[in-house]
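K.L.:
Given next are the chains, with one letter for each unit.
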Amino acid sequence: MKPNLQSSRAGWLSPGNIARWVAIGFALLWSLAPIYWMLSTSFKTELEAARLDPTLWPEAPTIANYSGLMGTSLPFVSFFVNTVMSCLLTAIVCVVIATPAAYALSRARFRLAGTVGYAILSFRMLPMVVVLAPLYLLLLNAKLLDSGTGLVVGFTTFGLPFAVWMLKSFVDAVPIEVEEAARVDGYPRWQILLKVVVPLIMPGILTTGTFVFMEAWNNLIYPLTFITTIEKQTLPAALVLTFTGQFKTDWGGMMAAATITTLPLMIAFFAVQRSMVRGLTSGAVAGA
Amino acid sequence: MAAETTTTEVRVRSRARHEPWLDRMVLPTLVVMAVVVGYPIVYTIALSVQNYNLLDFRPAAYVGAANYTKLAGDPIFWGSLANTAIYTFGSVGVSALLGLALALLMENLGGARFRAIRALLLTPWAVPFVVVAFLFRYMYLQNGGVINAVLLSTGIIDAPVPWLNSSTLALPAVMVANVWAMAPFFFLLLSAALSAIPNEVIESARVDRAGTWGMIWHIKLPFLRNPLLISSLLMVISNFNDFAKIWAMTQGGPGYSTSTLVVYVYRLAFERFEFGYASAVGVIWLTMLMVLAWIYMRVLRMESR
Chain A
2 MKPNLQSSRA GWLSPGNIAR WVAIGFALLW SLAPIYWMLS TSFKTELEAA
52 RLDPTLWPEA PTIANYSGLM GTSLPFVSFF VNTVMSCLLT AIVCVVIATP
102 AAYALSRARF RLAGTVGYAI LSFRMLPMVV VLAPLYLLLL NAKLLDSGTG
152 LVVGFTTFGL PFAVWMLKSF VDAVPIEVEE AARVDGYPRW QILLKVVVPL
202 IMPGILTTGT FVFMEAWNNL IYPLTFITTI EKQTLPAALV LTFTGQFKTD
252 WGGMMAAATI TTLPLMIAFF AVQRSMVRGL TSGAVAGA
Chain B
363 MAAETTTTEV RVRSRARHEP WLDRMVLPTL VVMAVVVGYP IVYTIALSVQ
413 NYNLLDFRPA AYVGAANYTK LAGDPIFWGS LANTAIYTFG SVGVSALLGL
463 ALALLMENLG GARFRAIRAL LLTPWAVPFV VVAFLFRYMY LQNGGVINAV
513 LLSTGIIDAP VPWLNSSTLA LPAVMVANVW AMAPFFFLLL SAALSAIPNE
563 VIESARVDRA GTWGMIWHIK LPFLRNPLLI SSLLMVISNF NDFAKIWAMT
613 QGGPGYSTST LVVYVYRLAF ERFEFGYASA VGVIWLTMLM VLAWIYMRVL
663 RMESR
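Protein chains in written order, with the working numbering: chain A, 2 to 289; chain B, 363 to 667.
It cannot be assumed that every hint is accurate.
Said to hold, decoys possible - Short, incomplete list of chain B residues facing chain A, as computed with Cβ under 10 angstroms:
id : residue
1  : Ser529
2  : Leu531
3  : Ile578
4  : His580
5  : Met652
Unchecked claim - Covered by chain A, per the in silico footprint, the following chain B stretches (three or more residues, Cβ under 8 angstroms):
id : segment
6  : 447-457
7  : 602-616
8  : 629-637
Source of the hints: derived by calculation from the structure; they are not laboratory data.
From the three backbone atoms N, C-alpha and C, an ideal C-beta is built for every residue, glycine too.
The following block holds chain B by itself, in its conformation from the complex:
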């Protein structure tokens, strides 16, 4: 039996080849993915070179790269792209820093009381995105919103601020709501990473009389580098896709000042029914995301080595 259980690479490989069951087990997933994801992607690419409009009775025609040239000169597309980048990297960066600070603050605090505090600090992450949006929309109200009320009574502002109705303040305001909901994710993951640092490392640093900051900077941060990188990339990808918060708070407005690519594609496709043009925007965006996904996987491979 010893030969059977010592699984050298060669043995496993030759055995796997004779196991049709393993192949068949992946099959349902592959079939479903092919239908609900693979086919739509191919369809998107096909749509992106047509002038397909759901409201148009004429059959869609092949228009070549027309949608793409239109896109290159579309200021709303470029504005949405910029907003997507600001929204994503801004919120993820701030959330990661806040989560890191929280994780360091709460490090080594055990016992029931601290478990409760930890759980309370995590609650924002369990609030549905749409609820986050409406809650902040209510708090941001120009007249009667609690944020303005607090800022007015403490004298920080003199007049109510139209947070979500200002084309300059709306995007940062939505980002604050986003950070509120996302920071606990980093707190959770970085806390786990902190507790995984071997005791000996901390002990030997203490013997070397490392101060609190020296300990954080030279000992803990290097251990947190990869978890931080991976969780940031995960959140970057999920923020690129964030629709609920922005849509329920501002619908991309005022004007297009908080419009991201998701919001723009949604508006193109389901308000103007320009499926062809919306698909072209989608394809460009897909390409950019695939680059990010590729980076993510490179990081994963580095990590697993």
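This is chain A alone, in the form it adopts within the complex:
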């Protein structure tokens, strides 16, 4: 920890410090007030949530909004399962395909590595919506439209290039000397990768997988486009689609559904928060 005059005990109540605390207080209020509002509304009755003079705290707290999600005409449980499954599968597929590629791009120094690496990176920046129409036709012809598999294919378009670059930064951090012994003993590359490198970058693999999972979880446009049967829909798309129907005025129910949609992402986020900075900066930066 760097020594800081401002945070020393003597200057605790200096004007500068008070201003600093007020600013931090405002920042906390700004960040948390909307989240509090979501939680608080999710425990309100439909009537209370629609009141013209909103109540800060639910007058008659109820869990009806949550239990309502279980037993309504809408299959919320299957929305949840669909989302978890498709995002998890995307994360696994991307990491499994990307790990060897990341390893090869990190270890090979031939000219092609740079070109291939940048080609993959530029795919990362591709606007999703540009490939939407052709991807739709591709899935249509492959009979994968309106299926979880089709969704995973869609999510892979942005998950895979991202995973390759992020994993490459983790492989880059593994000193080449670690592999030398195995190399001398004549082990082939894929065995070195599996037995030496993969165990070392396991935290990186988990972080990368979580990131891909989070990005897929956030994706709205692919499920909205590729899934046509409501039972097969993901949570984000289901929120959008049902809002025009069931939740049109039922903000309490809406916020309960929103809370359920947020929880898994929040858990994933805080699980990888520590390695996030490194993954994001080096994954994006330690390129050439």
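Start from chain A and add chain B according to the hints.
P.N.:
Here is chain B on its own, set in the frame of chain A:
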């Protein structure tokens, strides 16, 4: 063994050439990318010169540059392009400033209590985009929305404001929600960059009696320049692609006042099924994004040098 481990460029290069395994390891990625990204791009370009409409029973015909000339005179396209620029650069700029201010505020505050505050400040970023959209949509309600209620009771406004139903206020309102969700990203990255400034630099500046502002302006900001640039570019690219927030809040409306290029392409393709025309918009947009991506990579190369 010394010769084996001292990896000069020449040695590695000649060794890599004899390692088919390294090539094969990249192959699955390349094949998948070729199918799910490469092929759709080529297909988009091909579609953009046809009058392909999914609802039309006649087979698509080659129409040359017709889609592109139509696009040049399409006011909704130009409006969406302007909205995309305002939405992206506006939100990213404000978020970067807020994140920077937060990072400076929270600098050097250690201990469990501050770790908790730090984590709380990061939470908006962990809220799914769709949820951000609906949450703000609820708070923005003209009647019964909490934002109007607070502003009315403090006397800042006299009558409820129709935030999302006004063609002038809707875009700024969506941007506020976007900034709320994005600022923590800058806070996180800039905090990391701040803590990476070598202690000696800070110390010698302190010996030179640099004030708080002088320290920020002359010492810290130069160190933050590249992280700020890279994270801004990353967010610019991701905001260009933002669909969830705008779609779930306004669907591009009222009228086309919050329509960005993503929303417009989506509407063209999946409400009017004009795949040909939608592809032409996509190709133009792709070209612009590739320019940005090129700038991004130039910055990366500068950074890694």
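K.L.:
Are the hints correct? Go through all of them and say.
P.N.:
Okay, the hints, checked on the actual structure:
A cut of 10 angstroms between beta carbons decides the hint on Ser529 of chain B: the least distance to chain A is about 21 angstroms, and the hint is violated. Interface restraint check for Leu531 of chain B: the shortest CB-CB distance to chain A comes to about 18 angstroms, outside 10 angstroms, so the restraint is violated. A cut of 10 angstroms between beta carbons decides the hint on Ile578 of chain B: the least distance to chain A is about 13 angstroms, and the hint is violated. For the restraint placing His580 of chain B at the interface with chain A, the shortest Cβ-Cβ distance is roughly 17 angstroms, beyond the 10 angstroms limit, so the hint is violated.
A cut of 10 angstroms between beta carbons decides the hint on Met652 of chain B: the least distance to chain A is about 7 angstroms, and the hint holds. Interface restraint, the segment 447-457 of chain B with chain A: violated (0 residues with C-beta to C-beta distance below 8 angstroms; minimum three). Counting residues of the segment 602-616 of chain B whose C-beta sits closer than 8 angstroms to any C-beta of chain A gives 6, which meets the bar of three, so the coverage hint holds. Under a criterion of three residues with beta carbons nearer than 8 angstroms to beta carbons of chain A, the stated coverage of the segment 629-637 of chain B is upheld, 3 such residues being counted.
This entry does not satisfy hints 1, 2, 3, 4 and 6, going by the numbered hints stated previously.
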